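Note that the numbering used here has the sequence shown beginning at 468, numbered continuously upward.
Derived from the structure by calculation, the hints contain no laboratory data.
Misleading hints may appear alongside valid ones.
The calculated BS3-like cross-link candidates involving lysine-lysine, where the alpha carbons are at most 25 Å apart (straight line), are [as the list claims (entries may be wrong)]:
{"#": "1", "residue 1": "K469", "residue 2": "K625"}
{"#": "2", "residue 1": "K473", "residue 2": "K536"}
{"#": "3", "residue 1": "K536", "residue 2": "K625"}
{"#": "4", "residue 1": "K625", "residue 2": "K473"}
{"#": "5", "residue 1": "K469", "residue 2": "K536"}
The calculated label-pair distances, taken between Cβ atoms and stated as ranges, are [what the hints assert, rightly or not]:
{"#": "6", "residue 1": "T544", "residue 2": "H616", "range": "24 to 30 Å"}
{"#": "7", "residue 1": "A621", "residue 2": "L551", "range": "20 to 26 Å"}
{"#": "8", "residue 1": "P549", "residue 2": "A471", "range": "25 to 31 Å"}
{"#": "9", "residue 1": "D515", "residue 2": "E555", "range": "40 to 46 Å"}
Since the structure is predicted, the reported quantities are computational estimates derived from the model, not experimental observations.
Beta carbons: idealized from backbone N, C-alpha and C, even for Gly.
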Amino acid sequence: MKSALKLETREARAMVAGATAKALEIGVRQSVCIVDEGGVPILLERMDGARITGPQIAWNKAFTAAGHKRSTHLFNTPPNGPALPGNEAFGIQWSFEGRFAVFVGGFPIVLNGEVVGGIGLSGGNGEQDIACGVAGLQALAELLGPEGHVVQVAADLKL
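Can you make the complete structure from the sequences, with help from the hints?
Pasting the structure below:
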C-alpha cells in the first residue's frame with residue numbers, strides 16, 4: 468500500500484493567491500483552478516472582470532495537467548509535441564468530451580516527486596498564463612518548504 472499526499476484547501480488558497488497576485492502585478496485578469504490528482508476542482512476563482520469562459524478553460528487545463536502529468540503547452544511544442552499533426556497523440560484534445568487542453572496554461576503540481584494535482588489559468592496570453600502559473604507553484608513551494616516538502620517550480624514540467 469502506498470501513502471499519498473493530498474492537496475487541501477489551504478494549499479489551493481495559497482496557490483490561487485500567488486497566481487492572482489502575479490496577475491494583478493502584470494495587469495491581467497485571470498481565472499485560476501486548482502484540482503486534485505483526479506482532476507476534481509478544489510478551488511476555482513475568477514478575478515473581477517475576467518472572461519466568463521475562463522473558469523471552464525482553467526479547469527480543463529488543470530484537469531489535463533494533473534491527469535497527464537505534464538504542462539499542457541508541451542503537447543504542441545515542436546518538434547516532438549505528441550499532439551502535433553503526425554505525432555502519436557494528434558487529436559487527443561477531443562478526448563474527455565473536449566476537456567483535454569493542449570495549449571499553454573496548465574501545470575501539474577509536483578510535490579516530493581509525485582503529481583498531486585494541477586493548476587490551470589485562463590485570461591492572459593501564453594506568457595502571462597505561464598508567469599501566473601509559476602507564481603502559483605512558487606507560492607505552494609514557499610508554504611510547504613518549511614514543512615520539508617519539495618515543490619517543482621517550472622513552466623516545463625513532465626513526469
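Which hint numbers does the structure go against, in order from smallest to largest? none
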